[in-house]
Each structure stands twice: as structure tokens, then as C-alpha cells.
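Enquirer: First residue of the sequence shown? That's 1 in the UniProt record's numbering, and the numbers climb one at a time after it.
What the hints contain is simulated information worked out from the structure, not anything from laboratory work. If you're wondering where the values come from, they're calculated on a predicted model, not measured in any experiment. Ideal Cβ placement from N, Cα and C applies to all residues, glycine included. It cannot be assumed that every hint is accurate.
Once the Cα atoms are required to be at most 27 Å apart in a straight line, the calculated DSSO-like pairs of lysine-lysine come out as [to be verified]:
hint, residue 1, residue 2
1, Lys295, Lys313
2, Lys141, Lys67
3, Lys76, Lys119
4, Lys187, Lys236
5, Lys141, Lys76
6, Lys187, Lys240
7, Lys236, Lys336
8, Lys236, Lys176
9, Lys236, Lys204
10, Lys244, Lys187
11, Lys188, Lys244
12, Lys141, Lys27
13, Lys244, Lys292
14, Lys309, Lys240
15, Lys292, Lys313
16, Lys141, Lys292
17, Lys67, Lys158
18, Lys202, Lys244
19, Lys336, Lys313
20, Lys240, Lys336
What follows is a set of in silico ranges between Cβ atoms, one per label pair, in the way DEER data are often shown [stated by the list, open to error]:
hint, residue 1, residue 2, range
21, Arg239, Gly203, 20 to 26 Å
22, His233, Leu351, 44 to 50 Å
23, Leu351, Arg239, 35 to 41 Å
24, Asp224, Glu49, 42 to 48 Å
25, Gln226, His68, 41 to 47 Å
26, Ser23, Asp211, 49 to 55 Å
27, Asn227, Phe365, 51 to 57 Å
28, Gly348, Asp260, 30 to 36 Å
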Amino acid sequence: MQEEAILEWVLDLSESTPDVIESVDRKTLQVLINDVEHLAVFFYDDKCESCEQILEELETIDDDTDKHGIQFVKSKDSKLASEIGIFSFPALVYYETGVPIMYDGNLLDEEEVLHWMIKQKTDESIEDIDRETLFEYIDTKEFLAVVFYLEEDPFTVKVLRHIELIDDEAAEYGIKIVKCSDRLMAKKFGFRNPPGVTYFRKGKYINYDGDIDDDEELLDWLTDPQNMELTEHIEKVNRKMFNKIRQTSDYIAAFFYSDDCKQCDRVLAEIEHIDDEAEGAGIDFVKIDDKKMSKEYGVFALPAVLFFKMSSKEPVIYAGDLYEEQDILNWLMTQKDPSGDVIDEVEGEDLLKTIQESEALAVYFWNKTLCDLCNSKAYRKQKAKKDVEPTEGTPDEDSEDSEADSLNDPNPSIMDPGRSFVYECYSCSLEPLYNKL
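Full structure from sequences and hints, please.
Expert: Take a look at the structure:
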């Protein structure tokens, strides 16, 4: 600590005019940033048209900041300002244990500025927990980051201040950050010499090995989809997490649901049979409980499955049977690669040549005539009558139409209305074979 420089600054301050924010040079400012726990710095320059008026307003709260233990100074050091990202003036920065926090409100509202400074000084947003609460949170919190620290370590104050800068944003991802000074627990989770950060995901943990002073690096690590992901089940994500996943994932399948949806649990159980296969094909599977978000994508009835491509702003909504997980998987694969595996259609000389040149070959023969019959109006009506048998003695209203259609059919014997048997045609349904490719 540079006592002489601080003493000189204090003596100069005592001799200065009251209610004036003291101006400091670069050297003194750097000393204050390093050694004063609570410091507010107003950065300005001579070219700034509004700075003089703002200074007049801020000087009315100078005494109030002193009463709350906050040193308030002003500086024209543009080089130091640029080092913390300030390139236009005026600007107000609050330093706590050397960590800068920029004010983004109205500098002409001195009461608002004072309230903000006091809030920065008194705000300890990271919850301090004991051993019992730690175990409770590990069991109940989906995502929990624990900062293990030593109370007697002066470095801890700076570390915690850095982490306090990101805890609100981490909470937007559903991550709760807490601190714990239990040395035995720190040792249990791999930190013999705290501080350190342990990240619990549904009870399973990993340790942060990056720069604990770098709050942005820590936040990126906590919110990295790979670190948040556990493979046993489809991961639940919120809007913030989903948007981050979309930035890095080429293909995403999203299952939208809600707690008051009766069918959602059953459908989710079916879908969890295929999420490993989908992820094996490069499709990230997530679930989202957010009705407002689903409506933004055009989904007004839950549950629903949507497919997202990085190359497309709008998702594709699955319109099939949600209870058929294999159909959903096939649909996802098709959405990912519409030009994927198909059965080649060959005939005649081409087929013979393929047979001769192939060591092993499977050929599916089908009857186009029968497939055309399947799609004819007469067949559809006849099958509908088979499915709904009329009461004996009740005249059939469609009998005349069916008879007329049968007369126009190229094979009336197959579609004979008098037959009790309706031919079930599966010739043109190649989907089961595609599923085996």
C-alpha cells in the first residue's frame, strides 16, 4: 500500500474547497484504484459540452458519498478510461476492490447516481451458505455454482466482487451462484487451497480451472451448453439457454410442454427413447416449458416438437403422431437431410446389370397397378364402408356412387362392392424399408 501518496492526496483534499469533487492525476488515480475499497471516478474531458453541468449536479452529492464511505474523484485520464472500455465522455465508474462497474443511467439525476453508488457498496448478491444448505442445494438445484473461499484471505474479497458482477446474468440461465467458506467441503470437492468454483449439474459436478479473476470467462464456462448438458435425459432449458444453444448448434429438436398439460409427460417418455439416436445424428434435443415462447413460434397447443436449423430463422413444426417416437425420429432425420437415404428405383436392363455387378442385393418388387387402385375413389369408399358396417336392412346411401365408380375401374373384380373382403395394400408404403436403411 502506498501510504505517502494517499496521505498527500488526503491533505490536498482537506485544503480544497468544500463540496468539490477532487481532480486527480493518473498516478494518484491508479493508487486509489488499487488501495481504496470503494471509489467512484467521474471521467471527463475539456471538449465535453455537458460535463460542466453534470459536474455541478454531482458535486451536490459529494458529501453524501463521503458519509457512506465512498471516495469520489474526477479524472481527465482518457488512456486509463480506454483501458476499461470508455471512449466517450462523460462516464462514471465505481471501483470496488479494484473491480470497475460502469454506470449507465442519467448522470444529470444526482439522486439516482447516489442511490446507485450506495447500492453497489451494500449489495452482496451472492448467498453465503453453510454445509447443510450446500447439500440441500446440490439435491434441489438443477444448476448450482459454488465459490469456495477462505474468510481470512484478502484475495477472496476481489474474487467475490468479480463473481458478483455475473451472478444476475447467470441466474437468467437458471444457474444459482453461492459462496461457502467450509474448508472441509472445499477439500471434498477438490480445492485444498481455495478460492475455487465447483459447478453442480443435477448433483454431478465439475471444477473450473480457468482464471477466477476473469468474470466473463467464468460466465462463458458456466453457460457453455456442453458444460450444462447431461446425457441421461432430454435437457430442460429456458429462453436464454436456448438462444445460446442456437448460436452454436446446427440442428436442434425442441419439445415444448407445460406443467398443466395432461399428455406432455406421456409424450416426453416416448421421446426420451429416441433422444440418444437424434443426438448421435448431430441433432441436439432439448425441452422447454415456456408457453409464451412456443406461441412466438406459432405453437398454440402443447405438447409440440419443433426442428431448428442454424441456417433458418423459422422452425419446422412436427404435424404427425407425437406418441410414435420412431416417426418423430424419422421426421427429424428427414428435416436434417432431406436428400438422405432413399431406395433407388431401377427396372429392366438396369436391374439385371445391378444384380450381376452386386455381391449382395435386396430388391423390393411392387405393383404400381395395385397402388393406383389404393388411391382410387372407389377403393377409399369401399374401405370406409368396411370400417363402418351398416345396420342390417339399412340402405347404403353411397351404393349408387360406388357402383358407378366400380364400372369405371380397370379391375372391377378387386373392387367388387359385393365382396366381403377389401384388399389391404401396403405395396406403396416404403417407409418401413427406409427406416431400416
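Enquirer: Hints first: check each against the structure and report whether it holds.
Expert: Each hint, compared with the structure:
1. The straight-line distance between the Cα atoms of Lys295 and Lys313 is roughly 15 Å, inside the 27 Å bound, and the hint therefore holds.
2. The straight-line distance between the Cα atoms of Lys141 and Lys67 is roughly 40 Å, outside the 27 Å bound, and the hint therefore fails.
3. Only pairs whose Cα atoms come within 27 Å are accepted, and Lys76 paired with Lys119 is accepted, the gap being roughly 26 Å.
4. For the hint pairing Lys187 with Lys236, the CA-to-CA distance comes to about 31 Å; that exceeds 27 Å, so the pair is violated.
5. Distance check on the hinted pair: Lys141 and Lys76 sit about 47 Å apart at the alpha-carbon level, beyond 27 Å; violated.
6. At roughly 33 Å between alpha-carbon atoms, Lys187 and Lys240 are farther apart than 27 Å, so this suggested pair is violated.
7. For the hint pairing Lys236 with Lys336, the CA-to-CA distance comes to about 22 Å; that is within 27 Å, so the pair holds.
8. For the suggested pair Lys236 and Lys176, the alpha carbons sit about 16 Å apart, so the restraint of at most 27 Å is met.
9. In summary, the hint linking Lys236 to Lys204 is supported, as the alpha carbons are separated by about 16 Å, within the 27 Å threshold.
10. Between Lys244 and Lys187 the CA atoms are separated by roughly 33 Å; this puts the pair beyond 27 Å, and the hint is violated.
11. For the hint linking Lys188 to Lys244, the alpha-carbon distance of about 32 Å lies beyond 27 Å, and the restraint is violated.
12. Using a Cα cut-off of 27 Å, the hinted pair Lys141 and Lys27 is violated, with the two alpha carbons roughly 47 Å apart.
13. Our distance criterion of 27 Å between C-alpha atoms is met by Lys244 and Lys292, whose separation comes to about 18 Å.
14. Simply put, Lys309 and Lys240 have alpha-carbon atoms about 18 Å apart, close enough for the 27 Å limit, and the pair holds.
15. Straight-line distance between C-alpha atoms of Lys292 and Lys313 comes to about 18 Å, which keeps the hinted pair within the 27 Å bound.
16. Our distance criterion of 27 Å between C-alpha atoms is met by Lys141 and Lys292, whose separation comes to about 24 Å.
17. A threshold of 27 Å between alpha carbons decides the hint, and for Lys67 with Lys158 the separation of about 23 Å falls inside it, so the pair holds.
18. This hinted pair checks out: Lys202 and Lys244 have alpha carbons roughly 20 Å apart, not beyond 27 Å.
19. As the CA atoms of Lys336 and Lys313 are separated by approximately 15 Å, the hinted pair is consistent with the 27 Å bound.
20. Using a Cα cut-off of 27 Å, the hinted pair Lys240 and Lys336 holds, with the two alpha carbons roughly 24 Å apart.
21. Look at Arg239 against Gly203: about 24 Å separates their beta carbons, and that is inside 20 to 26 Å.
22. One distance hint, 44 to 50 Å for the beta-carbon pair His233 and Leu351, holds here, with the actual separation near 47 Å.
23. Between Leu351 and Arg239 the beta carbons are some 54 Å apart, a value that contradicts the proposed interval 35 to 41 Å.
24. At roughly 44 Å, the beta carbons of Asp224 and Glu49 sit within the given window of 42 to 48 Å.
25. About 43 Å separates the C-beta atoms of Gln226 and His68, a value consistent with the hinted range of 41 to 47 Å.
26. Against the hinted window of 49 to 55 Å, the Cβ-Cβ separation of Ser23 and Asp211 comes to about 34 Å, which falls outside the hint.
27. A hinted range of 51 to 57 Å holds for the C-beta pair Asn227 and Phe365, which are about 53 Å apart.
28. Range check, Gly348 to Asp260: Cβ separation about 60 Å, and the 30 to 36 Å hint is violated.
Checked against the numbered hints listed earlier, the structure breaks hints 2, 4, 5, 6, 10, 11, 12, 23, 26 and 28; every other hint is satisfied.
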